[in-house]
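All chains, full assembly: derive it from the sequences and hints.
First to last, the protein sequences are chains P and G. Oh and the first sequence: position 65 is 65 in the working numbering, straight run, nothing missing. Oh and the second sequence: position 35 is 148 in the working numbering, straight run, nothing missing.
Each hint can be trusted.
Derived DMTMM-like pairs (lysine to aspartate or glutamate); straight-line CA-CA distance at most 20 Å:
1. K100(P) <-> E176(G)
2. K42(P) <-> D201(G)
3. K133(G) <-> E176(G)
4. K68(P) <-> D8(P)
5. K112(P) <-> D85(P)
6. K154(G) <-> D8(P)
7. K154(G) <-> D85(P)
8. K127(G) <-> E200(G)
9. K42(P) <-> E135(G)
10. K154(G) <-> E108(P)
11. K100(P) <-> E165(G)
Short, incomplete list of chain P residues facing chain G, as computed with Cβ under 7 Å:
12. G43
13. L44
14. F103
15. Q105
16. G106
Covered by chain P, per the in silico footprint, the following chain G stretches (three or more residues, Cβ under 8 Å):
17. 156-166
18. 197-211
19. 217-226
Treat the hints as calculated values from the structure; they're not laboratory data. Quick reminder that beta carbons are idealized off the backbone N, C-alpha and C, glycines included.
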Amino acid sequence: AQSVTQLDSHVSVSEGTPVLLRCNYSSSYSPSLFWYVQHPNKGLQLLLKYTSAATLVKGINGFEAEFKKSETSFHLTKPSAHMSDAAEYFCVVTSGGGGKLIFGQGTELSVKP
Amino acid sequence: GAVVSQHPSWVICKSGTSVKIECRSLDFQATTMFWYRQFPKQSLMLMATSNEGSKATYEQGVEKDKFLINHASLTLSTLTVTSAHPEDSSFYICSANLDGRGGYTFGSGTRLTVV
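This is the structure:
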């Protein structure tokens, strides 16, 4: 069985400071991992994905994530937060060949001026 | 890029009526689509997997007679909430698998309010 845990339900940072959103996963085989962002009452936008290629994945809007198998982690980072980054972020793992996505609980990111 | 168009974006209906939500793949063929439900401040919960030309596969606890899914073509899947009640009020999102290797795109979601 696969699962994903986002360690923080809410993260608050100041504009211009680094962002760290933590995600740990559990998988019985090599997973594909994703980070999605959701603004209020909107659908989901893909930030980045890991599919067994390079362990450091660069995404859109300056975000990146590092796949660490030994730590079963896939934390999302950004060097400098922008006000527009305020949103809900979901860490997601695939459920094998069936294509199902398993969502984490979500982390709400607040950015203070 | 691949786009999934979902509408309506919001709908208000009376208790006991039915509501249909459409999800269209605009520039690709989607043999598989997924329907999710999201309550306020919560994560997305998979309701069912919609397969073109066959019956949908529902997750445990989801009433298939209440949430009717039809995937009659490679570009359209619909979710009909039958005999809606206030507890069905939620945000519904569809998704399509792009390439079978883990690429997914999501619709913009439908906010359903049952009064």
